[in-house]
Each structure stands twice: as C-alpha cells, then as structure tokens.
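Here the structure of chain A is known, so what remains is to put chain B in place on it, guided by the hints.
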Amino acid sequence: MSELLSPEEITELKRQIAAVHEPRELIVEVLQAVQKQNGWVSDAGIELAAELLGLSPLQVDEVATFYDKIYRSPVGSKVIHVCDSICCWTRGAEMVYGHLQQALDIAPGETTSDGIFTLLPTCCLGACGNAPSMRIGDRLYSSLTIERIDAILDEERQEALK
Amino acid sequence: MSQLLFKNRRPDHTVLLDEYRQNGGYQGLEKALREMQPAQIRDEVKASGLRGRGGAGFSTGLKWSFFPFDAEGDKYLVCNGDEMEPGTFKDRQLLEADPHQLVEGMALSAYALNINTGYIFLRYAYNQCYTNLLQAIADAKQAGLLGRNILGSEFSFELHVHRSAGRYICGEETALLNGLEGKRPNPRSKPPFPAIKGLFAKPTVLNNIETLANIPHIINGGAQWFSDLALTEEGAGTKLYGLAGHLNNPGCVELPMGITLGELVEEHGGGVWLGRKFKACLPGGASTPYLTADHFDVAMDYNPLEAVKTRLGTGGLVVFDDQTCMVAATLNLMRFFARESCGWCTPCRDGLPMVCWVLEKIESGQGTVDDVTMLKELLGHINGRSFCALALGAMGPVDGLLRLFEEEVLDHVKKGRCPLQKS
Numbered sequence: 001m002s003e004l005l006s007p008e009e010i011t012e013l014k015r016q017i018a019a020v021h022e023p024r025e026l027i028v029e030v031l032q033a034v035q036k037q038n039g040w041v042s043d044a045g046i047e048l049a050a051e052l053l054g055l056s057p058l059q060v061d062e063v064a065t066f067y068d069k070i071y072r073s074p075v076g077s078k079v080i081h082v083c084d085s086i087c088c089w090t091r092g093a094e095m096v097y098g099h100l101q102q103a104l105d106i107a108p109g110e111t112t113s114d115g116i117f118t119l120l121p122t123c124c125l126g127a128c129g130n131a132p133s134m135r136i137g138d139r140l141y142s143s144l145t146i147e148r149i150d151a152i153l154d155e156e157r158q159e160a161l162k
Numbered sequence: 163m164s165q166l167l168f169k170n171r172r173p174d175h176t177v178l179l180d181e182y183r184q185n186g187g188y189q190g191l192e193k194a195l196r197e198m199q200p201a202q203i204r205d206e207v208k209a210s211g212l213r214g215r216g217g218a219g220f221s222t223g224l225k226w227s228f229f230p231f232d233a234e235g236d237k238y239l240v241c242n243g244d245e246m247e248p249g250t251f252k253d254r255q256l257l258e259a260d261p262h263q264l265v266e267g268m269a270l271s272a273y274a275l276n277i278n279t280g281y282i283f284l285r286y287a288y289n290q291c292y293t294n295l296l297q298a299i300a301d302a303k304q305a306g307l308l309g310r311n312i313l314g315s316e317f318s319f320e321l322h323v324h325r326s327a328g329r330y331i332c333g334e335e336t337a338l339l340n341g342l343e344g345k346r347p348n349p350r351s352k353p354p355f356p357a358i359k360g361l362f363a364k365p366t367v368l369n370n371i372e373t374l375a376n377i378p379h380i381i382n383g384g385a386q387w388f389s390d391l392a393l394t395e396e397g398a399g400t401k402l403y404g405l406a407g408h409l410n411n412p413g414c415v416e417l418p419m420g421i422t423l424g425e426l427v428e429e430h431g432g433g434v435w436l437g438r439k440f441k442a443c444l445p446g447g448a449s450t451p452y453l454t455a456d457h458f459d460v461a462m463d464y465n466p467l468e469a470v471k472t473r474l475g476t477g478g479l480v481v482f483d484d485q486t487c488m489v490a491a492t493l494n495l496m497r498f499f500a501r502e503s504c505g506w507c508t509p510c511r512d513g514l515p516m517v518c519w520v521l522e523k524i525e526s527g528q529g530t531v532d533d534v535t536m537l538k539e540l541l542g543h544i545n546g547r548s549f550c551a552l553a554l555g556a557m558g559p560v561d562g563l564l565r566l567f568e569e570e571v572l573d574h575v576k577k578g579r580c581p582l583q584k585s
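Heads up: the sequence lines are chains A and B, in that order.
Last residue of the first sequence: 162 (our numbering), numbering continuous.
Last residue of the second sequence: 585 (our numbering), numbering continuous.
Any given hint might turn out to be false.
[As the list claims (entries may be wrong)] Straight-line C-alpha distance at most 27 Å; calculated DSSO-like pairs for lysine-lysine:
1) Lys14(A) / Lys345(B)
2) Lys523(B) / Lys538(B)
3) Lys36(A) / Lys345(B)
4) Lys471(B) / Lys439(B)
5) Lys14(A) / Lys364(B)
6) Lys208(B) / Lys169(B)
7) Lys471(B) / Lys352(B)
8) Lys364(B) / Lys208(B)
9) Lys364(B) / Lys352(B)
10) Lys14(A) / Lys303(B)
11) Lys577(B) / Lys538(B)
12) Lys352(B) / Lys303(B)
[Stated by the list, open to error] Which chain A residues face chain B? A few, computed with CB under 7 Å, are given here:
13) Arg24
14) Glu25
15) Tyr67
16) Ile136
Worth flagging that the hints you see were computed from the coordinates, not collected in a lab.
All residues carry an ideal CB built from backbone N, CA and C; glycine is no exception.
This is chain A alone, in the form it adopts within the complex (with noise of 0.2 Å):
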C-alpha cells in the first residue's frame, strides 16, 4: 500500500479505525504513526492517511496544517519547540531562545546544517512551575540555565548520531 508505514502498521492502524465510532477520530493517530516513521508528514503521507481513514486529503490536510505538533514540511531528526509564554517569559525564555539559536547556528524554524536540530517555538508546554522550558522530541527539559542547554544539546546530539 505504501512506503511510508510497514504492514504490519497499516494493519494494526486498520484494526484501530475499524474499532472506533467514526474512522476519522483516528486522524491525528494517523498522522502522528506517519510522522513517527517519516519525521514529517508528506504529501503522500497525506494521502495515505486519506486512503486509511475513507477521507479526501483535502479533509486530512485541513487537520494536519492546523495542529503545531504535525510537520508538514521536513525537519531535523530531533525538535526543540521552545516555550516562549508568559512563565517561561518571566524567567528567562528570551534568554534560552537566544542561546539556542546561537549555539546551534540557526534562526527559528530552521534545520542545522547536519539535519539533528530544528528550532520551532511553541505555546506553553504545560510546565509553568518549573519554567523556562523546552521539548526536544518527547523530553521534557525544565529549569533551564546556559550550561544546562549546552549539556543537554550535546547528549541530545550524542544519541542522534548513534
């Protein structure tokens, strides 16, 4: 059916559509097992989505392009979304923003040259206690300072080119 999913994934995905109340309730689902494969979600990945869930992609598109946790375009094997509201704001986020696009030499929404890191704002990732924050792929990484990023960015780089 598709290079985008195994199919063995394609199979289990049916088996969940086929479960739920309407098909389409498992379009983020859908979504995120392609991305999770790809890293981003194509236009074929789209389509395939479409073809799974008995919808148009026009229908998959307008779900994927509204969420910010669904990549339409490509990125870097690894995420930083940086929380830039209010808490985070409070105690430093310009400070750790600025910071990451210096050390990683990159501006906001870019990829770095060896395609690990790319850089993305985001809204308030819910740890406001412990601010400032970011998320690298599914991490969480709070209370950040200076010397916390650096060490965290070289681990994190560490386990891309494993």
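Below, chain B without anything else, positioned relative to chain A:
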C-alpha cells in the same frame, strides 16, 4: 488543611490501583452503585456548590441539570484535558500523581448521568499523563471498576483517551468536540449546546479534569462537608493553584477555595524572588485581567475576583516583580493569543495581531497617545464580538493593563522608550 486531590501526591511517584484503593479510592463509586440512585448523586453534586475548574467556573450541578439523562441512545461524557493556558499546569500535576481520581470521577459522573461512553481529550505534551491514564484505565477495567457491569451492577462504562496534537483552541468545548471527531478544531456555533448536540451530534457533558476528580470526594464526604472546605461563604471545596512567574517557590498546591491572594503569594509562593517587590499578577491563567498588591486581601474564589474585575480562571497564578514592564508582559500574552487564534472569525484573527502591533509600537517607544486610544477602541471592538471566548479572554490582560497601568503605558509614549528598560 484538607488535601483531597493531592492527598496521595509524593515527588516522582504515581499512585497505582492498589495504593489508591488502600487510601479509600473507589469507595465513592462503590457507595454510589450500591446505595445511591443517579438522581441522588446529581443532587449531591449540585448541593456541594462545585463550580467547573476549567476556567469558566459554571456550576457543575447546574450544567448537569441541562443534560437529557433519560434520553434514549448514545450519550457521552467528555473530559476536557487540553490544559494549554499559560500559567496552568494543575491537571498535569493531578494526573502525574494520582490518575485514578479522574477515572473514578468519570465513572461516577457517567453513572449519575446515565452515560456509557467517556472520552478524555488530553493535550499532546502530557506523555506521562497519557501513560498513567492508559495504565489506570486498564487496571480499573481488570478490577471490574470500568467496562461491563461495574462491580456486578447493571451499569457499564467504557473510557477512551484521545491525544491532541497541540492547539490552545482545543480547550474551547465545541472546538474540542470537533477535534475529537477528527475534524478541524474550530469552535461550533451555539446553540445547540453540547448537552443537547455534542459529540457525534449526541448529548454530551464536558467537564475539566479537576472538576471530575472532585466528584468521588463529594460522594464520599457529602455535599455539606465539601462546601465547608472553602474559606468563603459562597465557595466550595479546595482548589489546585498553580504558582508561577517571579516567585521564590513556584509549583502547584492544593488549598481551600478562597485563600487570599496575599497568603498565596507570600506563604505558599515564598514571596517575590530576588528580594524584589510584587508588582502585579495574573490570578488565574493568561486570560485573566491583572491584580496588584492592593488586592492582596481578595479571596481567590470566583465571586470575589469578579468583584475586582478579574477571574479565578484555572487558578494559575503568574506573578510579576517590580522590574517587569507591563506593556512587555501584555505583548507576550497577546502574541500567544494571536498565534493560537484558529482564524475562524475576523475580530480574533485580525484584531489580536492588530493589538500586538500597537503594543509593539508602544513598547519600542514609537507609540503615540493615539495608539493608546486605539488600544482602548480595540478593546471595545474585540470584546464580545468574536465567535468564541478566545478573543474575550485574550483581551483580559489588555483590559487590566489599561485600567491598572495606564500611566506606565503613557510613560512609554512620553519618554519614547520603555521606562523600565535598563540603559
């Protein structure tokens, strides 16, 4: 002080089924299924005075009373677990510590409302909460506390978890329903309200995580006991208050409803950091108008806060020290709301970026008195003219800025720079 929701909370620990039951968990559900009729539970919740903890503060019992619980066919209970308002992280703390409270609360509420299917709509960022909920639901099902014929009764309830992919508007109840159905999560036109036509066009009740987690405690302790926990006469229960911003001890605490702002800041928040002075705060999350130190005696409860032109919202307190520029703080908030507007209606889609533009101009020292006047006009143009409450909430801090800090705003204009900027 009574701890209900955080009674079992310990650092880096999640309460699993056995521990929850050892500490009295699921006794409320057992009591309800063995001794109480659904109407008795509804009456008890109404009498308790519980008001929705998601931000709007509407009476839970009254909301339930609009629901056609005797109607035939599918009906749904939906938990709003989107929690994406800056300053608000209480539901995360609750689910990371003690997730069975929500599961029991939903089962109890579903029994009271004659509902057999529930959904928890959870925000994308809450990985640990998601894991905890899946385990809690599986364990409860295994123990006969969810699923078919709960505890040998006639009542059956299936509970599902839906993960979002990150947008603030999903906290708006009708946008949430669209998101849950797999549609673009724009808000829906009301009426019809979800109680009549909600998820999959069927009658639906939506409540916040904290609201639902309170239900077992109300059934266990009784309406009067719950109501008496509050320090205010008209208040009820305890509240999870988030403490963030320029405080020595940020975090999340459970305290009686109605504790004063001053006590919350000074005693529980440890006072303002770096030895600085308190300048202002958002009392209940990013969409609530500011308060100042003049309001330290105000009770953190719905009505007393409305009396001083702000809202309890989600109880997420964000404190600003005396070195904070309130124009810059408001600009940060407005950028959040402008970015998170779903774009469905003009006042929100175009109005909020316009407010940002004016605030940027003032903060950079390029603003004029006319810009301040324009800000006031925008307040009038946007408030009450948008499709949902996002824009209304967004303008809360602007309203507070113009009421409480107009001189500071005008000082930017007079000096041609931010007066708090370090030169």
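Cross-check of the supplied hints:
Distance check on the hinted pair: lysine 14(A) and lysine 345(B) sit about 19 Å apart at the alpha-carbon level, within 27 Å; holds. Simply put, lysine 523(B) and lysine 538(B) have alpha-carbon atoms about 15 Å apart, close enough for the 27 Å limit, and the pair holds. A hinted pair counts as satisfied when its Cα atoms are at most 27 Å apart, and lysine 36(A) with lysine 345(B) qualifies at roughly 21 Å. Of the supplied pair hints, the one linking lysine 471(B) and lysine 439(B) holds, its CA atoms being roughly 23 Å apart against a limit of 27 Å.
A C-alpha spacing of about 25 Å is found between lysine 14(A) and lysine 364(B), which places the hinted pair at or below 27 Å, so the restraint holds. Straight-line distance between C-alpha atoms of lysine 208(B) and lysine 169(B) comes to about 24 Å, which keeps the hinted pair within the 27 Å bound. As the CA atoms of lysine 471(B) and lysine 352(B) are separated by approximately 26 Å, the hinted pair is consistent with the 27 Å bound. Only pairs whose Cα atoms come within 27 Å are accepted, and lysine 364(B) paired with lysine 208(B) is accepted, the gap being roughly 23 Å.
Proposed proximity of lysine 364(B) and lysine 352(B) is supported: the alpha carbons are some 14 Å apart, at most 27 Å. The hinted pair formed by lysine 14(A) and lysine 303(B) meets the criterion: a straight-line CA distance of about 24 Å does not exceed 27 Å. Restraint check for lysine 577(B) and lysine 538(B): satisfied, since their Cα atoms lie roughly 20 Å apart, inside the 27 Å limit. Proposed proximity of lysine 352(B) and lysine 303(B) is contradicted: the alpha carbons are some 36 Å apart, above 27 Å.
Residue-level restraint check for arginine 24(A) holds (minimum Cβ-Cβ distance to chain B is 3 Å; threshold 7 Å). Satisfaction of the interface hint for glutamate 25(A) is found here, the shortest Cβ-Cβ separation to chain B being roughly 5 Å, below the 7 Å cut-off. Below 7 Å, beta-carbon pairs count as interface contacts, and tyrosine 67(A) has one with chain B at about 3 Å; its hint therefore holds. Interface restraint check for isoleucine 136(A): the shortest CB-CB distance to chain B comes to about 12 Å, outside 7 Å, so the restraint is violated.
The structure does not agree with the numbered hints 12, 16 stated previously, though it agrees with the rest.
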